[in-house]
Structures are given as C-alpha cells and as structure tokens.
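Enquirer: Residue numbers (this note's numbering), protein chains in the order written: chain A, 872 to 1245; chain B, 9 to 613; chain C, 11 to 181.
Derived by calculation from the structure, the hints in this document are not laboratory data. Quick reminder that beta carbons are idealized off the backbone N, C-alpha and C, glycines included. Just to be clear, a hint being listed does not mean it is correct.
Mimicking SDA-like on lysine to any residue, the simulated pairs with C-alpha atoms at most 20 Å apart in a straight line are [what the hints assert, rightly or not]: (1) A:K922 with C:S161; (2) A:K1197 with B:K119; (3) B:K34 with A:G995; (4) B:K20 with A:G995; (5) A:K1197 with C:F141; (6) A:K922 with C:E73; (7) B:K556 with B:G397; (8) A:K907 with A:Y1124; (9) C:K36 with A:V1106; (10) A:K1199 with A:V961; (11) A:K1199 with B:G221; (12) B:K20 with A:T998; (13) C:K23 with C:I58; (14) A:K1054 with B:V26; (15) B:K10 with A:Q1059; (16) A:K881 with C:E143; (17) C:K56 with A:A1080; (18) B:K35 with A:A1005; (19) A:K908 with C:K19; (20) C:K152 with A:L923; (21) C:K36 with A:A1174; (22) B:K27 with A:L1051; (23) B:K27 with A:T998; (24) A:K922 with B:E67; (25) B:K40 with A:E1015; (26) A:K1099 with C:I58; (27) C:K169 with B:D96; (28) B:K119 with A:E1118; (29) A:K1054 with B:N437; (30) A:K922 with C:E143; (31) A:K922 with C:K27; (32) A:K1053 with B:W22; (33) C:K36 with A:K1199; (34) B:K13 with A:Y1124; (35) C:K169 with B:Q130.
Calculated from the model, a selection of chain C residues having no Cβ within reach of chain A, i.e. all distances over 10 Å [to be verified]: (36) E20; (37) I58; (38) E131.
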Amino acid sequence: MEVNKLKEVKLFLGPQHPGMHGNYSVHMYVDGDIIKKARPMPGMLHRGFEKLMERKLWMSNMAIIPRICVIEPDINEMVYAMGVEALAGVEVPEKATWIRMMILEMARVATHLFALGGIGGPTGLYTSMYWAVAERDLILDLFEKLTGARVYHIFIVPGGVRKDLPEGFKTQLGTYLESLEKKLPEYQELLLKHPIIHTRSKDNILLPAEVVHELGVTGIGMRSATGKAYDLRKVKPYAFYDQVEFEVPTATYSDALTRIHLKFQEIQQSIRILKQIIEKMPDEGPVKAPIGTGNALKLRVPAGMVYTAVESTRGEYGYFIVSNGKEKPYRIAVRGASYPQGLLGIERYLPGHRIDDAPLWMDTMGVCSPEIDR
Amino acid sequence: MKQEKSMLSPLKAWKYLVKEPVTVSKKDIFVKPREAADRYRGFHVNEHDKCTGCGTCSEICPTDAINMIVLPDQPFVDGKKNERPAFDYGRCSFCGLCVDICTGDSLHMTKEYVHITPDVNQMYFMPDELGIHQKKFENGWLRDEVSELLDLERYEMKHEGVSRKSSFIEIVKGFSYEMALAESSRCVECGVCTQTCPAQMNIPEYIRTVYDGDLKKGIEWIYKTNPLANVCGRICTHKCESACVISNRGDAVAIRWLKRYIVDNTPMDQYEAGALAYVTEKTNGKVAIVGSGPSGLSCAYYLSTLGYEVDVYEKNALPGGVIRYGGPEYRLPEESVKKDILMIENAGVNFICNTELGKDISLETLEEKYDSVFLGIGFSYSRPLPIPGSDNHEVKFAIEFLGQARDYNRGLRAIPDISDEVIVIGGGNVAFDVARTLIRLQEEKYGKSSVAMAALEHREILPADLEEIEEGEEEGLKYSFGYGPQAIKVEDGIIKGLHVKKVLSIFDGEGRFNPSYDEEDQKIIPAKQVYIAIGQMANFDFFNEEMKNNIEFFRGKVKVNDNGQFDHYPWLFAGGDIVRGPDIINGVATGHDAAKAIDAYIRSK
Amino acid sequence: MMNSMNNLKEQLKAHYKIAAFEEPTKMQLAFNVEPDKTLDVLAYLKSIGYGQLSLLTCIDWIEIEEFQLVYILFNWDNGIHLLVRTSIDRNNPKFRTIEHIYPGVKYYERDVHEFFGVEFEGNEDSYKHLFLELWEADCPLKKDFDPLEFSTNRYGNRKYETNFPRKVGGE
Chain A
872 MEVNKLKEVK LFLGPQHPGM HGNYSVHMYV DGDIIKKARP MPGMLHRGFE
922 KLMERKLWMS NMAIIPRICV IEPDINEMVY AMGVEALAGV EVPEKATWIR
972 MMILEMARVA THLFALGGIG GPTGLYTSMY WAVAERDLIL DLFEKLTGAR
1022 VYHIFIVPGG VRKDLPEGFK TQLGTYLESL EKKLPEYQEL LLKHPIIHTR
1072 SKDNILLPAE VVHELGVTGI GMRSATGKAY DLRKVKPYAF YDQVEFEVPT
1122 ATYSDALTRI HLKFQEIQQS IRILKQIIEK MPDEGPVKAP IGTGNALKLR
1172 VPAGMVYTAV ESTRGEYGYF IVSNGKEKPY RIAVRGASYP QGLLGIERYL
1222 PGHRIDDAPL WMDTMGVCSP EIDR
Chain B
9 MKQEKSMLSP LKAWKYLVKE PVTVSKKDIF VKPREAADRY RGFHVNEHDK
59 CTGCGTCSEI CPTDAINMIV LPDQPFVDGK KNERPAFDYG RCSFCGLCVD
109 ICTGDSLHMT KEYVHITPDV NQMYFMPDEL GIHQKKFENG WLRDEVSELL
159 DLERYEMKHE GVSRKSSFIE IVKGFSYEMA LAESSRCVEC GVCTQTCPAQ
209 MNIPEYIRTV YDGDLKKGIE WIYKTNPLAN VCGRICTHKC ESACVISNRG
259 DAVAIRWLKR YIVDNTPMDQ YEAGALAYVT EKTNGKVAIV GSGPSGLSCA
309 YYLSTLGYEV DVYEKNALPG GVIRYGGPEY RLPEESVKKD ILMIENAGVN
359 FICNTELGKD ISLETLEEKY DSVFLGIGFS YSRPLPIPGS DNHEVKFAIE
409 FLGQARDYNR GLRAIPDISD EVIVIGGGNV AFDVARTLIR LQEEKYGKSS
459 VAMAALEHRE ILPADLEEIE EGEEEGLKYS FGYGPQAIKV EDGIIKGLHV
509 KKVLSIFDGE GRFNPSYDEE DQKIIPAKQV YIAIGQMANF DFFNEEMKNN
559 IEFFRGKVKV NDNGQFDHYP WLFAGGDIVR GPDIINGVAT GHDAAKAIDA
609 YIRSK
Chain C
11 MMNSMNNLKE QLKAHYKIAA FEEPTKMQLA FNVEPDKTLD VLAYLKSIGY
61 GQLSLLTCID WIEIEEFQLV YILFNWDNGI HLLVRTSIDR NNPKFRTIEH
111 IYPGVKYYER DVHEFFGVEF EGNEDSYKHL FLELWEADCP LKKDFDPLEF
161 STNRYGNRKY ETNFPRKVGG E
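Turn these sequences into a full structure, and let the hints steer you where they fit.
Expert: Right under this line is the structure:
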C-alpha cells in the first residue's frame, strides 16, 4: 500500500492502552485515521510456557497450562489431558467425560459473554460490558463451587477430573441456565439490535473465504465466511459431543456484525448442550482413571508424540505433545487458535481500516494475546 | 442471516436503573468479604504436629513457591523431619497439588483469600493450624480419594502357598520387573527413611535406580552403607518402612523387597563391579575382627574399602554368625548368605574359622599382632529360663537348635533330634523362627506337625512381626499367648508338658519386670520337648580381670563411645549385639561406624 | 474415515515411497519425509484437501544432533490430522520456507527461527525477532539453554527471610 511519507504517522497501539484488546501491541502507520501499514508486536505476555513445561513434572504442568489462555483456560487442561491419555492409552471414565464437557461448555458461554462485553470498549457501549462481565461472574461462581477456583480451574487432569461434582451442582447449573436464557433477549435488544453496533460493525471488518484459507483462520471466522459447519466438535467429535444434539451456526458473509451474531448463537447452542449434559450425566461412577502406577512425582507418560485439538471459542486449539517416557514432557508446542488472524491477519488485513476499528477488528476476529505469546 | 436493527431497543436497559445490583459493593470487599465456595483453594493451613516435613508438597509445587525450612530446635522423631513448608504467595498458583499429595494429611486449603501488601517480603509465610493470619477460617479444598496423588497400596509379592510348611523353600517370592517398577514408583524420595535407618542407607537413591532401571548404580548405593545387601534385602527389621511417610495414609513402600529386587536381579559381573567399586589397596594397617556376624562383616568390608588388611576370627566352621546359623532357610536362603560373604571375601577380607576368642586365641595376642581389634561377638548364647524342670535334657535352646537346623539344611549333619509334640516359649521373631523351623522338620520326619507356643505377652503386644504371627497361624502353630510358663512337668525324666498361668500384667506399678497371674486360669500344654527362645546373651569370659573392672557392663551389653571405642582401651572397638542389642541392621551400622573410627584411630597413632 | 486414512497411506506410498506410519490417536497419521521431498509432499497434501496448516513446530533431539520439523495439517472435510515430520542437521539448521504453499506459515517459521534458530530460506522476515525483542541469549527452546541458569545469572537468586515468628505446634 502506498504511504504518503509526509503524512505518515507511526502510532503505537497497546500494550498499555485502554482501547487495546488484551496485552498486545500493534505498530500502525496511519494516514489520517486510516491504517496504512500494521506490524503486530506480540510477546508482552510471553512467559516461556513451552520451555517451562519441559522442565516440570507431568502433573505439575496442570497448574501452568491454564494460563496460556486467560479467558478460556479449560481448553488447555482438556487438550493436555487428551494428549497424555492418548499417549498412555487410558480411557476416561464416562462421568468424568460428561463433567469435562460441562466445564468446556460453561467456559464457552463465559468466554463468548466476555467477548460480547468486550465489544463495549471499542464501540463505547459500556453497558454491554458491565452486563456481560457480571453475567460471566455468575458462571465463575459456579466454577468456584465445582473446581475451587474462579479463573484458573486446574480441574481437568489426565485420566479424568480432580473431584466429583459437589452436591446439588446440576440443579444450580440448571437454575443458572434458565436465568441466562431469560436474559439473552435483553442482550439481543441491547447489543445485537443496537444502532451503534450496527453502524460500527455492519459491512465493516470483512473476512472473505479466500482470506480464511490464506491465513488458516478457524473457528467463528471460518464458519462465518464459508458457510460450512467446520467445528471440531462435529468434524472430529471428542468427549461425548457425538452424543448431544446441537447446531453449528454458520454464515456466508463475514462482517463484524455477523460474527457477533454467531457468537451469540453459539451461547444459545452451548446452553442447549449443557441442558443435555445435565440430563445425560450419570449420578454415580468413577471420575478419574489412573495414568500408570505410583505417585504424581513419578508419573511417566509412554514415549511418543501426539497432537490433540479441541474447538475453542476462537477455533482449533491444540497441543502437540512429545514424550520420551520420562517424568517430564520432552516438548510441548501450543497451537493458539488466534495465531493466524492475530499475526499474519493483522499484518495483511488490518490496513485499510480506521484506527478506532483496530480493537474491534481484534475482538471480532477472536485474537487472544496470551495464547499467541505463550 | 436476519440482523435486525432498532433505535428503541437499547432503551429497555433503563429498567435496571431501579434494580438491586448483582455486584458486591466496594465497601464490603474488605469489611465483610464474600464467603468463598466449599472447595475454595485459598491460603493454606498446616497442622504442624501432623506434618512429616517430607517436602513432597515442595517437590510437586509447579511454581517453586514452597520452601522447606529447617526448625533446628525441633526434636528428632522417627518418621518425621524437623522441617516445615513455607509458602511464597507471590509465586503460589493456588493449584492445590500440594494438598492432594500431602503424605501426612496435614496440609489443607481454606476459604481465606484476602491478603494485601505492597511489600514483597510480606508474601512469605509458614502457615500453621491457624493459617497465615492466625485467624480461623473454614476449610476449603481438601484432598479426597479422587484427587489423591499418592499411590497408597503396596504391590504385593507372591507368597508360597499353604504347602510351604513342608519345605524350606523361601516363602516370599521376589518382585517381578513390573512389580518392582510399580512399587518403586510409589516412593516420594523424601529421605525420612534414611534418617531412621540405623545404617543411614541411601534408600530413596537406590529405589530411584529401580525406577530408572540402573541396578548397578543401585548396588553401588547399597554398598555405600551396607555390605549385607542380600541378607538385609530379606530379613532386615526394616525400621525404614515403619518410618515411611506413605505409611501415614497407606502402605509403606516395600523398601526391603526393593533392595532384594536389586541384589537378586543385577547380573553378577555388574553386581561385583558395584559392590567392589570403592575397595582400595591394603596399605594402611592390620585389623583383627572377632566374630563374623553382621557387625564384624560390615566393619571388615568398610575397613577394606579404607585400605586395611583384615582378619576375621570366627568360632564356628563357617563365617556369618547369626546370618549363617540364626535365620531360618525359608526366610534367608543359603545362597544369599554365601553371596554377601563372597563379596566381602572378594574385597580382600581374610576369614579364620573354628577359632574362638578366649579359647583358641586371646585378646592380648590380638592386641599385639594388630593395629586395632573390633569385637563383634554377638549374642550367641540363649538365655536360660530358671523354672522347675528346665534342667531336663529334652529342654532345647533356640540358638543351638537353629544352628543345627541350618547345618542340616546345608547337608552337614543329620536331622536334629526333634519330637512329634513340642512347645516353644517366647514371643519374638526368634521364637517364631524356632517354631516354624520345627513345623517343617516335623513334617519331614513325621509327616505331621504339632508345635505350640507360649509367651507372657498377649498377641496384640507380641514383639514379633505381624506377618510372622499370621503366617505361623496359617501353618498351624497353636498359640497360648498371654500365658506365663511356671514349670515344666516331668514324670520319670520324661517331659509331659508345660504348666502355664494366665498373665494379668507383666510389669508392676513401678515398671519393673514382675508378672502377676490369674490363679483361676491355669493349664498344662502337653509337649515332649520344650524349646526356650526368650532371648540371647553374650559371653564375656575372654576379658581379663583388669578389663572386666575397667569396662562398664549394662543389661548384658558393654559401654562404648558413639564410634564403638572403649574408653580405657582406644585400640579396642565393639559393635553389633553387644553394643545395641540383637538386630542385623544395627550390627551393620555399628560395624560401619567402627570402621571409620578405627581408620581415624590408626591414622592418629 | 478408515477408508480415507488407508487411501492416503496408499497414495503416499505410491507417490513418495513413504511406508512407515504411526497413528498416535484416532484420525491422526504421523510419518517421516526426506527433507528434499517435504515441500512436494506438503503441496500434494494441500491439493488433496489438507488445506489447513494447524501448526509448524520443531523438536530438538539434541542427543542425535537433529532438529525435527513437524508440520501439522488438517482436513476439515474428513477430520484427519497429519503430522508430517522431517529432520534437519542441528548444527546447520536450514530449511526452505513453505510460504508459497501455506501462506499462514510465515509467522510459524519466524517462531521456530526465534526459538530454535532454524533459518527458513525464502521467508524474508524469518530472521526478525517476534516475541523476544532485545533478546541476546541463545535460542531458548533449544535443549542446551537452561532458563534457570540464565535468570540466576541475570537477576540473582531471591533471598528469603526465614525467621518465622511461630514454631511447630503453634505458640
């Protein structure tokens, strides 16, 4: 893109900017308020997790990995556990699998709510942010009851989950889902029909199908552009996703508003899945299977390498795990779902947008900086 | 996709203007904080008297937030270290793995979650029962059987079936590779066992070699502190296992059987290389060792690693003392004894058998010929039981009998003279060795067995190991525990039985040995022979009068300093039974200590 | 699904003489490719539906002095993940870019270059720092880089105040 040298201004967006989406930085060369060139500057949240994991015990890593994606930590626990189980050849007990699915769907709702709220920042619609964050907090209350922690649950472990459900949990979750369902129409009124949202997001921040393929975008970005139900829960069902009924919302024209709509519809589908989980989960049964013998300090995972992936709110989220049969992993590589859009996407397709659309671009494209930085 | 737009719809949010907020008001955050959930992973509490100081929490901690702090004014207790965990809450990730793996069931998490300070040093705490703020909070995250991170159940080895009582085949089969690997994976490597083991064996280190499959290294670790690897792998009193922190909530790690696995499964060339890794040239002097039991053997081996020429004097025909003539074949096969002694011989130790101190050679001669002398004579005589009838020729003694039985097993003599109905007096492991050896010999000689046992102690407080009591019962021993022997009933010089009375108490009000009996409950247990196994003692006749005056004796033992050295006779050392009482691993330990002290003594001359 | 997996194996065997396959988990296939054939294989796989490069990463097999590059591909229509692996010399870590096949690989190659030091010829940005601005030490994900040593040298060890007011058993 031609940049007029005289008018060009270099603008640093983030990492410490109230309008920025996450601890991320983009160096933008702007002409007026139009971005002419963009350089993603990740690394603000680089904590060396991949190296760290090679130096910690298989079990100790459980406490580290949720931090790779802050808002949706459970997917980390799940893919890690799935990988270890695949290497060790361990079957997860039925009830544990249902509990895991429950956690994943609760996290999906919470994360989508957070993202919907996040639109409030760049658009100036702060009510939606307050609402969504307060709503998410109620899910965190449930997580606290179930796992003992609000954000980093550290609950899904290789072999199953750490504890059985607390008493009355299914009822509490059911009650919450009812209340959330009642509240959803209000979000529709406030957010989806809001004229500001429409003005800012309709026909803005387009993501054509060929860009999806070029970058390798997955998740809502991909589904909103291609019209195909490319969701790992359908394409390659893990846990018991083949035993519950749900639809994967898709579209064939991907602007920011469409993607916001898809997020909203996914919340509705997750509620549908959660209700089925409550119904189908057995009351009794083991929730953890042993991985090998011995204590957690001596846990060894058979040598081998495996890639496991789940559908996160931003797309395919995977771990590539290599074991050499010792007490610590030999190598773990994390496939953050926002890698394609968060790096190459910003470099190639953020230019052309207005400065104030940059955070909106990142929110609706699904860019989560900690999972890029690792 | 339908994407409605409405100018009015956002106004509906106005209805919340008059509603109660769902959020917590700011002033309440500190004044009355919201109560956390029942499983909340908040700040820790640690019940300090239950905490074993094992440090397993610190090992599992993903963020290195837990440091073990030594509390030097804490007394030393078996099974506990004088360390307690301190938490750096600037690092802690509140994962709760420390709680799930706590061996002592002392560490929990609470619902407490508020702690604010601008000072990084104020984030470091050693929580006790009242947590970090000395304020009682409800428990939060607790370990349960699902979140458990230890492996509490022992992987059991196979035992010979019931047919075992007719043979002297070793009862306990060794671990298979898989079993040993599984058992070794239960160890948390805290080292509490090392602290308790009289020989301070490097137990976590050699268990690790099983887990890593490097058995030669395991042999090296074992021989660093114990040259009787085969013997101790089978019949050690395993004080380490009663100290094992896993035993607080589950079965102790089978330390003894893992040691046995190492010695049984290391190929002979690697075994020898490991066992003799530290043996050096003999240039530093000459030492005489009297008695070739565990302490003598241990002292001899370590002296040879320190560069001394060693002669071991043994009164019997074969070296080994209690391990050669004491332990029964079904527990301690001859092969194991031979292998241990072979290694010590290969280390350059010279054995002079059939030579008894005080009879064939005098202590004075030894003093003259050698730079130093070590006494490891052991308790090699049975303690007599002065009751009517005990002078009968059919009254036998444990030590002599076990020696005869071993020699018979070795094919060196005919079957001992046993009758078809016998009683054993005593309730220790030796008494069980006698009784169970008798059963086997009776089965062989008569095709049936009848062995009764009587002891002062009731079954619950019997000094013998539980497994001895249980296995003996399976083999058909008839127990009369809690019955004190009064007299041996003899008619025309032939024993008819043992007269016993029910014991009410063994010690009197002042703690002295003075049994009282229930006169109403007496019986005569029929028997044709009586075996006495109520204890052993040493014979100190070889000391001359001057020495007897200068040496302090107490309870059949001699007083020496911590290194086994006699106060008046710096050239003379002692170890084993006559220093610490009968116990093989204590023998090994005192022998090793004495070897180091002898080295220091000779170097200082 | 089984069919497409077997089909694929036969195709790879016929075209590229790849015979050894592993199936680390269901619907996943792993195999090694000679370095000089890797680009052809990847281009072929893309043409038959493996349109997504999920991940490019590297493993440091320091003992045999090799870097193993792992290209993880995915076919959204049949749900099969492929782990295409190739080994390069650890002491001369050079490979060619696959940007022309999977444009999305651009930043993964920068990532691998930054953490392992592998140069991807043809990717003009690959030598630039991505996460580790102003980093001067060795590539951190190499097995011979010790982060603890690095940070101790750089920042020193934290000293703890160990005089705790309370002893075992409370006050």
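Enquirer: Now look at each hint and say whether the structure bears it out.
Expert: Evaluation of the provided hints:
1. A:K922 with C:S161: holds (13 Å)
2. A:K1197 with B:K119: Distance of about 36 Å is beyond 20 Å: violated.
3. B:K34 with A:G995: violated (24 Å)
4. B:K20 with A:G995: Holds, at roughly 18 Å.
5. A:K1197 with C:F141: violated (29 Å)
6. A:K922 with C:E73: holds (18 Å)
7. B:K556 with B:G397: This hinted pair is violated, its Cα atoms lying about 33 Å apart.
8. A:K907 with A:Y1124: Violated, because 25 Å separates the two Cα atoms, which is more than 20 Å.
9. C:K36 with A:V1106: Status holds; Cα separation ~13 Å.
10. A:K1199 with A:V961: Holds: A:K1199 and A:V961 sit about 18 Å apart, inside 20 Å.
11. A:K1199 with B:G221: holds (17 Å)
12. B:K20 with A:T998: Distance ~12 Å between B:K20 and A:T998 Cα, so the pair holds.
13. C:K23 with C:I58: holds (15 Å)
14. A:K1054 with B:V26: holds (17 Å)
15. B:K10 with A:Q1059: holds (12 Å)
16. A:K881 with C:E143: holds (19 Å)
17. C:K56 with A:A1080: Distance of about 17 Å is within 20 Å: holds.
18. B:K35 with A:A1005: holds (18 Å)
19. A:K908 with C:K19: violated (44 Å)
20. C:K152 with A:L923: holds (12 Å)
21. C:K36 with A:A1174: Roughly 17 Å separates the two Cα atoms, so the pair holds.
22. B:K27 with A:L1051: holds (17 Å)
23. B:K27 with A:T998: holds (15 Å)
24. A:K922 with B:E67: Between A:K922 and B:E67 the Cα gap is close to 19 Å, so the pair holds against 20 Å.
25. B:K40 with A:E1015: Satisfied, since the Cα-Cα distance of roughly 19 Å is no more than 20 Å.
26. A:K1099 with C:I58: holds (18 Å)
27. C:K169 with B:D96: holds (11 Å)
28. B:K119 with A:E1118: violated (40 Å)
29. A:K1054 with B:N437: violated (75 Å)
30. A:K922 with C:E143: Within the cut-off at roughly 17 Å; holds.
31. A:K922 with C:K27: violated (35 Å)
32. A:K1053 with B:W22: Holds - the C-alpha atoms of B:W22 and A:K1053 are around 17 Å apart, at most 20 Å.
33. C:K36 with A:K1199: violated (24 Å)
34. B:K13 with A:Y1124: holds (18 Å)
35. C:K169 with B:Q130: holds (13 Å)
36. E20: Its Cβ never comes within 10 Å of chain A, the nearest being 22 Å, so this holds.
37. I58: holds (15 Å)
38. E131: holds (19 Å)
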